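*Asks:* Residue-level listing of the chains:
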Amino acid sequence: MARGSDWLKRAVTGACVALLVVILGGCSFFGGGPQSVNHPAGSNMRDIWNLFIPIFWMSVVVFAIVQGVLLYSVIKFRRKPGSPEPHPTHGNTKLEITWTIIPALILAVITVPTIAKVSEFAKVPKNAITVQVVGHQWWWEFDYPGEQVVDADEMHVPVGVPIEVKLRSDDVIHSFWIPRLAGKQDVVPNQNNHLHFTAEEIGTFRGQCAEFCGEQHANMAFTVVVQSQADYDAWLAHNKLPAAEVPSSNQLAQQGQQVFFTAGCVGCHTISGMEVNGVKALGDVGPNLTHVGSRTAIAGEVLPLTQENLAKWVHNPQAVKPGTLMPNLGLTQEQANQVAAFLESLK
Amino acid sequence: MAQSTVTEQRAHYRRSTIWEWITTVDHKRIGILYMFTSLGFFLIGGVLALLIRTQLAVPDNTFLGPGTYNEVFTMHGTIMIFLAVMPLNSAFFNFLIPLQIGARDVAFPRLNAFSYWVFLFGGLLLLSSFIFGAAPNTGWFGYANLTTLTYSPGLNVDFWIFGLQILGIASIASALNFFVTIINMRAPGMRMMRMPVFTWMTLVTSVLLLLAIPSLTIGLVELTFDRYFGTLFFEPTAGASVILWQHLFWIFGHPEVYIMVLPPFGIISEILPTFSRKPLFGYPFVVYSGIAIGFLSFGVWAHHMFAVGLGPVPNSVFATTTMLIAIPTGVKIFNWLGTLWGGSIAIKTPLLFASGFIGMFTIGGISGVMHASVPVDYWQTDSYFVVAHFHYVLFGGSLMAILGGVYYWFPKMFGRMLDDRIGKIQFWITLIAFNMTFFPMHFLGIDGMPRRIYTYQSNMGWDFWNFEETIGAYLLGVSMLIFAFNILKSLRSGERAPADPWDGRTLEWSIPSPVPAYNFAVVPTVHSRDAFWEMKYGSTEETEAQKANLNPTPEAERKIHLPPRSYFPIVAAFGILGMGTGMLMHGDGMAISWYVFGAGILVLTLGLFGWSFEPNH
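Those protein sequences? They're chains A and B, same order as listed.
Its first residue numbered 1, the first sequence is counted upward by one per residue in our numbering.
Its first residue numbered 1, the second sequence is counted upward by one per residue in our numbering.
Just so you know, these hints were derived from the structure itself, not from any lab.
Just so you know, these numbers come straight off a predicted model, no measurement behind them.
Some hints could be false.
DSSO-like cross-link-like pairs, simulated, lysine-lysine; straight-line CA separation at most 27 Å [unchecked claim]:
#1 A/Lys312 x A/Lys280
#2 A/Lys312 x A/Lys347
#3 B/Lys424 x B/Lys489
#4 A/Lys76 x B/Lys489
#5 A/Lys123 x A/Lys166
#6 A/Lys80 x B/Lys559
#7 A/Lys126 x A/Lys80
#8 A/Lys76 x A/Lys240
#9 B/Lys536 x A/Lys80
Covered, in the sense of this in silico footprint (three residues per stretch, anywhere, with C-beta under 8 Å from a C-beta of chain A), are these stretches of chain B [what the hints assert, rightly or not]:
#10 296-304
#11 503-512
The beta-carbon is built from N, C-alpha and C at its ideal position, and this holds for glycine as well.
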């Protein structure tokens with residue numbers, strides 16, 4: 001018997017130490033990633049985090065009480081030789097009513113600010129700038145209504161200004177999530193959802209689809225670029241312009257342009273203001289490529305944008321991102337390099 | 001010559017044994033079938049979990065491609081819910097309910113066998129999708145319109161639909177059976193408020209199943225019509241709202257959570273009093289809390305949909321109802337602690353698992369309250385935080401209790417004890433490995449890792465915990481192998497179990513282990529809660545008379561009428577499998593599909609016909 005309880009003590013101590021290691025380890029190991037929510041950089045996520053912290057500490061108290069009483073009881077009241085027969089208590093109405101009312105009060109304390117925030121999140125500030133977001137399998141499109149700017153993979157917003165994000169999907173359900181700036185909002189076909197937040201810091205913030213949307217759900221990420229108002233205005237002004245002429249000095253890009261306009265790319269992609277041998281690129285299935293060369297990543301952030309990666313992508317998209325809706329057009333490696341040079345030139 | 005006769009006899013004996021299991025209508029045998037079948041499915045679900053963890057162990061891993069990964073995580077969830085936890089609970093319903101209420105069998109023994117065979121065939125149909133390379137791949141809640149033909153043209157979704165439809169039939173039949181059994185078959189004097197808590201929770205669960213499954217059935221029928229007959233229930237281009245699916249699914253899906261967790265609440269409420277030598281603290285509170293949870297569980301479904309955009313008013317209402325359901329759940333936890341307090345606690349394996357359940361389920365409950373706060377849920381939903389949450393509820397909660405229940409009732413089922421020392425080792429490895437695997441998922445949720453991604457890049461700060469979780473998952477796998485080893489070893493050579501190895505309180509401990517076919521030689525008369533405890537330690541004249549009845553004479557045994565064996569349940573179940581197969585063939589465009597479907601209907605009809613006219617004595 002004594003041997004058994006020693007063994008038990010050792011096991012319990014071991015478990016406690018392991019738990020402590022995990023918890024202390026957690027303190028130093030989480031946070032600080034590009035999608036870590038514990039350092040909010042947007043008003044919406046800051047509100048969420050500020051609501052979470054008190055709930056978290058209340059949870060810690062409840063957790064400590066329950067685990068404490070549990071461990072204490074199991075250790076203190078464990079059967080020893082000669083233990084007296086326990087008193088057959090059937091209950092204690094006062095005690096039971098108490099521990100019904102106390103959790104009810106704690107929950108009421110949580111419910112009130114919850115409902116307050118829910119209605120606050122639903123009210124869009126009057127001076128908000130609107131960005132129309134469209135979720136596609138498996139990339140994000142960003143339209144700036146009234147500005148004639150259509151972009152992909154990268155959303156630009158000015159710092160300190162309320163942003164209203166309108167969400168639309170033409171295929172399946174996605175969920176729009178920029179962890180450091182705001183909570184999620186689903187992107188549902190046939191339903192106009194929206195979300196608003198104010199970015200509080202200049203910088204880039206990674207976002208990602210959060211609702212399973214098919215084969216390449218994992219590679220449906222994007223970047224939010226938060227800029228000063230001046231930089232944002234300059235970016236808008238540049239992106240309103242039609243595509244840049246391909247410089248005649250860039251032989252490879254010139255050839256790539258020919259390939260692009262003959263190989264079928266124009267069926268899905270738009271390059272505004274460009275016409276080659278009477279063919280215009282006006283497709284609206286894939287991302288708008290008018291200023292693709294100025295972005296930092298391609299294909300739902302699966303690859304950073306470099307000429308080499310672009311070539312890899314157009315040469316065999318299925319190898320880079322299995323299941324992507326971009327078909328394999330059978331370009332030779334040489335053609336792929338040419339197209340990559342052309343796309344890279346579209347700053 | 002003599003040799004061959006012996007062999008023939010043996011072969012005949014073996015055949016007849018298998019035939020006995022196939023035609024059995026004995027609730028105990030059906031319970032054992034449920035247990036081993038669902039442990040087998042649990043093993044498959046566990047292997048899939050290890051595949052998931054292997055893929056996620058390191059960033060940019062190419063161990064599984066996206067297609068396979070999506071199949072694996074969908075099947076992991078579907079198997080664990082429909083083919084492991086639910087039927088493991090069913091194993092306990094089957095084995096225990098008649099024993100706990102002092103009955104000789106369930107109300108409808110053949111329907112009970114039918115439920116099992118339909119469950120088995122449904123499970124096999126679902127699993128056969130792996131053989132055809134078309135395992136379901138749209139997540140266990142299969143959100144429309146990803147599941148329509150446009151976005152899921154293969155048979156994957158069809159396997160999911162017909163697998164779940166068939167399993168739904170099994171659940172409905174079984175729920176009806178246990179509802180009627182508990183209401184009608186109780187021994188004299190077993191009033192509702194004298195029933196063991198496990199029986200109470202089974203009653204509530206049966207009602208939940210009866211009311212919840214139809215909602216899933218309707219959703220699946222609509223989806224079938226969309227996919228096969230061109231209706232437009234979930235077609236947004238025709239003006240449909242795809243949110244309809246989510247409502248139908250979660251009106252089933254949230255009660256489903258309690259369908260999986262109420263029976264474990266019952267198991268805990270049996271184990272704790274036995275090992276503390278005290279009655280359950282606040283029995284009426286525990287029972288009423290269970291009923292309250294049952295009612296409220298139908299009013300909280302939209303908390304799975306806070307980010308869907310239902311609007312501030314629905315979100316606030318459902319946040320409030322979700323907070324409400326936490327109250328009865330908390331009450332139960334405090335009552336369990338009250339049961340332990342001041343007891344004389346025997347530290348045996350079942351008690352360890354029951355304590356582990358309280359500890360781990362509390363963590364899952366607390367994180368559940370966090371999600372109930374809508375804005376916090378905007379962050380946590382669909383992230384690894386929520387993955388941590390539901391594993392604390394379903395593994396740390398349901399499965400811990402089920403493991404405890406297996407250790408507790410194994411002697412009653414097989415007449416042999418599970419090894420307690422191995423059991424304790426298994427408990428500690430399970431507890432530690434479980435926390436290694438799932439606790440860090442909270443951290444990953446804070447680090448913004450979405451669920452259901454097959455790969456991630458290494459600059460996300462997710463590498464360390466994912467790797468550590470994979471180690472934990474393999475260790476968890478080891479703990480389950482120890483469990484399997486303990487079962488196999490104890491079945492062969494475990495210590496023989498007496499009728500009442502734990503000094504139990506409820507009626508199942510009053511009869512021999514393993515239980516004779518007729519359960520109770522003389523149907524007991526019940527005078528109080530914890531009926532058997534009262535018989536053992538009470539001192540009234542009635543209890544003295546009861547004691548005398550526990551050991552029947554052989555003549556008394558021979559007079560007991562038991563329902564005869566029947567093969568019609570498996571025939572009828574086979575017909576349903578045929579119907580499902582026919583529907584799948586239609587999905588594949590095979591011309592003979594309607595003939596197969598029709599043959600299925602014919603077999604089902606013949607089965608039911610034979611069943612109806614079978615002599616019942």
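*Asks:* Now look at each hint and say whether the structure bears it out.
*Replies:* Tested hints:
no.: 1; hint: A/Lys312 x A/Lys280; in the structure: 25 Å, holds
no.: 2; hint: A/Lys312 x A/Lys347; in the structure: 19 Å, holds
no.: 3; hint: B/Lys424 x B/Lys489; in the structure: 15 Å, holds
no.: 4; hint: A/Lys76 x B/Lys489; in the structure: 33 Å, violated
no.: 5; hint: A/Lys123 x A/Lys166; in the structure: 13 Å, holds
no.: 6; hint: A/Lys80 x B/Lys559; in the structure: 46 Å, violated
no.: 7; hint: A/Lys126 x A/Lys80; in the structure: 71 Å, violated
no.: 8; hint: A/Lys76 x A/Lys240; in the structure: 74 Å, violated
no.: 9; hint: B/Lys536 x A/Lys80; in the structure: 22 Å, holds
no.: 10; hint: 296-304; in the structure: violated (count 0)
no.: 11; hint: 503-512; in the structure: violated (count 0)
Hint compliance for this structure: hints 4, 6, 7, 8, 10, 11 are not met, and every other hint is.
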